[in-house]
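> In the order they appear, the protein sequences are chains A and B. Each residue of the first sequence is one higher than the one before, starting from 1 at the first, in the numbering used here. Each residue of the second sequence is one higher than the one before, starting from 1001 at the first, in the numbering used here.
Misleading hints may appear alongside valid ones.
[Said to hold, decoys possible] Heads up, simulated DSS-like pairs for lysine-lysine below, C-alpha to C-alpha not over 27 Å straight-line:
#, chain 1, residue 1, chain 2, residue 2
1, A, Lys124, A, Lys421
2, A, Lys124, B, Lys1033
3, B, Lys1256, A, Lys22
4, B, Lys1033, A, Lys256
5, B, Lys1022, B, Lys1189
6, A, Lys46, A, Lys22
7, B, Lys1323, A, Lys323
8, B, Lys1033, B, Lys1022
9, A, Lys256, A, Lys413
10, B, Lys1323, A, Lys33
11, A, Lys323, B, Lys1124
12, A, Lys418, A, Lys390
13, A, Lys256, B, Lys1022
14, A, Lys124, B, Lys1323
15, A, Lys421, A, Lys410
16, A, Lys366, A, Lys413
17, A, Lys323, B, Lys1033
18, A, Lys46, A, Lys256
19, A, Lys256, A, Lys390
20, B, Lys1256, A, Lys33
21, B, Lys1124, A, Lys33
22, B, Lys1256, B, Lys1430
23, A, Lys430, A, Lys418
If you are wondering where the hints come from, they were derived from the structure by calculation, not from laboratory data.
Number of protein chains: 2
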Amino acid sequence: MDKSSINIGILGWGTVGTGVSKILVNQNALISKNSGVQLSLKKVVKRTLPASRHGIKLPDDFLTTDPADVVDNPEIDIVVELIGGIADAQSLIKRAIRNGKHVVTANKALLAEYGGELFQLAQKHQVSLNFEASTAGGIPIIKTLQESFTANQIQSIYGIVNGTCNYMLTEMHESDVDFANVLADAQEKGYAEADPTLDVEGIDAAQKLSLLIALAYGVNIPVDQFHVEGITDISQQEIQYSRELGYVIKLLAIAKLTDDNRVEARVHPTLLPDRSLLANVNGAYNAVCVIGSAVGPTLFYGQGAGEMPTASAVVADIIDAAKSIQLGISSHISHAWLDNAHSEIAVCPIDDIETRYYLRFVVIDKPGVLASICSILGNYDISIASVVQKEPHDTETVSLMLLTHHAREKNMKDALEKILKLEVVKGGAKLIRIEEEVAF
Amino acid sequence: MDKSSINIGILGWGTVGTGVSKILVNQNALISKNSGVQLSLKKVVKRTLPASRHGIKLPDDFLTTDPADVVDNPEIDIVVELIGGIADAQSLIKRAIRNGKHVVTANKALLAEYGGELFQLAQKHQVSLNFEASTAGGIPIIKTLQESFTANQIQSIYGIVNGTCNYMLTEMHESDVDFANVLADAQEKGYAEADPTLDVEGIDAAQKLSLLIALAYGVNIPVDQFHVEGITDISQQEIQYSRELGYVIKLLAIAKLTDDNRVEARVHPTLLPDRSLLANVNGAYNAVCVIGSAVGPTLFYGQGAGEMPTASAVVADIIDAAKSIQLGISSHISHAWLDNAHSEIAVCPIDDIETRYYLRFVVIDKPGVLASICSILGNYDISIASVVQKEPHDTETVSLMLLTHHAREKNMKDALEKILKLEVVKGGAKLIRIEEEVAF
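The following block holds chain A by itself, in its conformation from the complex (with noise of 0.2 Å):
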């Protein structure tokens, strides 16, 4: 065994183990040069054996179906998770730890629900554990945040961090198609799974949320305390209303302390004024701003997805547990995440939060409709910014489209359901909250 270079082993040949294992091949002096540090990929485990993937072909002794030949091989020191799920990733990986080796894993979805767990079995057994490549693929936020953000008091983060959404609600703006259409079209070529649940419905962008909160804020918040919308309801009416006003509709996943020191924790569609950098990132492209006390507004844009962007990331996670080897550190946990525990920041509900928000009822074209919706809004204390009303949708109904100024989440539920029971309204209302404070 050379001690001189590092050995890695990976737990899934899928799209993403397979950009690993090229950058690791095919890359090797590069990454020597760039870091100072030698690795050697070994092992690749994976449920059929193919000896190729597209683009490489490994030796025939590098690749096993059983996950054992990794983590417990004396011969690997970092384990490279990437089947993703739930319960055989969560036993490999402790494994593995337990075994004293390092891991890097990019499995948001294992990490949002056991990531104080796991992380606390990698204290525990002095080994690093790094997840770059969970959120926001190849864009270094991860690490911006554990080491470049420290002396700020994060004030607020708000993500692009679905790609399939982003790819999505782009070609919706771009194109006259709706959601179906779109999403037949985003399935066809690749960017949404054929079950598009996870992505569409926002539970993905939730759980890379609740990564970024636990970093920001040290706070393991779960995922089902978060507010969660997809954007399944989104039509082209909406699309083209919110362009017409200066916006653009973009799935956010957005994280806020509040005054009295709680955090917002949601993922719902957003309006963003239609000039502002994050209103502008487009296609299947992931962007996060992050509002520090101390730097300010800033912005991390990159592909949040695919094989060697996110294989980039892998690899970097990759090269900083191989330098913490060589340079015998035992581990160089995230302390946030550690602390979760003891946090006292509690999640601020959705009810609480005050907005900005637009609203597109469906109301019958007569004198007096406006002035009893808004007569409703005034008694909630919700005041109006601008109205637009469209021409008729057919004889007698019409769309008015109203962007109310900050308002309270609470009384705008409590207001429209009063002006969902008047007899001019015709069918639910459709509302969208605004997120001014990214207009950079």
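Chain A is already provided as a structure; the job is to place chain B on it using the hints.
Same frame as chain A, now just chain B:
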């Protein structure tokens, strides 16, 4: 002496030094919670001795006029150099390193010229020399290149790294003011120095580019080998004509790896497509695009200067050094920089680059003028993408704008020389390079 805490001495109590002292004093608990290190500010060296600066008052015994109280003080673990300039900063940093102290600096001018020598000295004495704040203020671009993109061959870097120039150009785009007036306004508002040469002539941007190139390519190219143009030649006419053509003018620091393994290194005003993210980085903000072989296109945005954003980066560097001390690691020097001397990568002379160009000529308004100019360009293999002729300047001359396809710079220079000899061409020509690769 409290062995559990790491002691900090600051050389220079100007804007950034004040910000650093504010964070170290006011955010001590936050830093400890976020990073696990306990930092203590012990000494601040200042030429004169005010006991307070805007927003902070330090104990009298923290303040001194003698740098030896920091660099020779056995109690001090980390020296923060914020005096700027070359000679004094260099000698104090060397003295601190020889005394076994870790050093944090924001001094790009010093590193651009003497980086290689200083990093070698730091390596010899097994201390770290951190410099995140030297480039793009609060944006963690140094750490990203050093640690996050190590698995990437860096294909290109495009940076808006001088906030003064970006503020001035933004003002020129947003109102009808000319260079001289916007400079006076920037000076009045504190965005530009009384002597603005380093900023407006592109020298500051070139020094920062030299650090980015050292990290990305492991080669220390002296700034005098770069092609450096400032913004003093940009008039309202160029701003307005570019905008009509769908472009925005930004001062960019550009590094590109060529196919034959050379590095283009240039700073100049650049036309960017107006819908691109980089074109929409406004005011005193900075942004750096990095395109890597694995990660693809990325962009990092934030405040490039100012008290607290810069202090945020300085303190992140202090925390990194403190962690090294606590973990007993002797150093974590940038590998790329130390390998400079061995690098085979040469700079690509400006004559050899290929890019697109914006050209403006003032010509006599008579038939055949465009034909003569196009014929010369054609002779030099320069083909034209579009032509716009504006209304007459006076009774007999008009402005003629050309956008070219990709052409070699040497050909462009030779063609221009011939064109300027035409009798119908009055005065000089305006030439601005166009970059389309950052059109995301």
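> Take a quick look at whether Lys1323(B) and Lys33(A) sit within 27 Å of each other, Cα to Cα.
Holds, because 24 Å separates the two Cα atoms, which is no more than 27 Å.
> Starting from Lys1033(B), check that the Cα of Lys256(A) is at most 27 Å away, please.
Holds: Lys1033(B) and Lys256(A) sit about 19 Å apart, inside 27 Å.
> Check the hint pairing Lys430(A) with Lys418(A) against an upper bound of 27 Å on the C-alpha distance.
holds, 15 Å
> Run the distance test for Lys46(A) versus Lys22(A): straight-line Cα separation, threshold 27 Å.
Measuring from Cα to Cα gives roughly 16 Å; hence the hint holds.
> When you check the alpha-carbon spacing of Lys1256(B) and Lys1430(B), does it fall within 27 Å?
holds, 24 Å
> Hinted pair, alpha-carbon criterion (27 Å max): Lys124(A), Lys1033(B). Please report holds or violated.
Between Lys124(A) and Lys1033(B) the Cα gap is close to 19 Å, so the pair holds against 27 Å.
> Just to be careful, I want the Cα atoms of Lys1256(B) and Lys22(A) compared with a cutoff of 27 Å; is the pair within it?
holds, 24 Å
> Compare the distance between the alpha carbons of Lys323(A) and Lys1033(B) with 27 Å, and conclude whether the hinted pair is satisfied.
holds, 24 Å
> For the pair we were handed, Lys1323(B) and Lys323(A), check the Cα-Cα distance against 27 Å.
The given pair, whose Cα atoms are some 14 Å apart, holds under the 27 Å limit.
> Between the alpha carbons of Lys323(A) and Lys1124(B), is the straight-line distance 27 Å or under?
Holds, at roughly 19 Å.
> Is Lys124(A) within 27 Å of Lys1323(B), Cα to Cα?
Roughly 19 Å between the alpha carbons, so the hint for Lys124(A) and Lys1323(B) holds.
> Is the Cα-Cα distance between Lys256(A) and Lys390(A) 27 Å or less?
Violated - the C-alpha atoms of Lys390(A) and Lys256(A) are around 35 Å apart, more than 27 Å.
In terms of the numbered hints stated before, the structure departs from hints 1, 18, 19, listed from lowest to highest.
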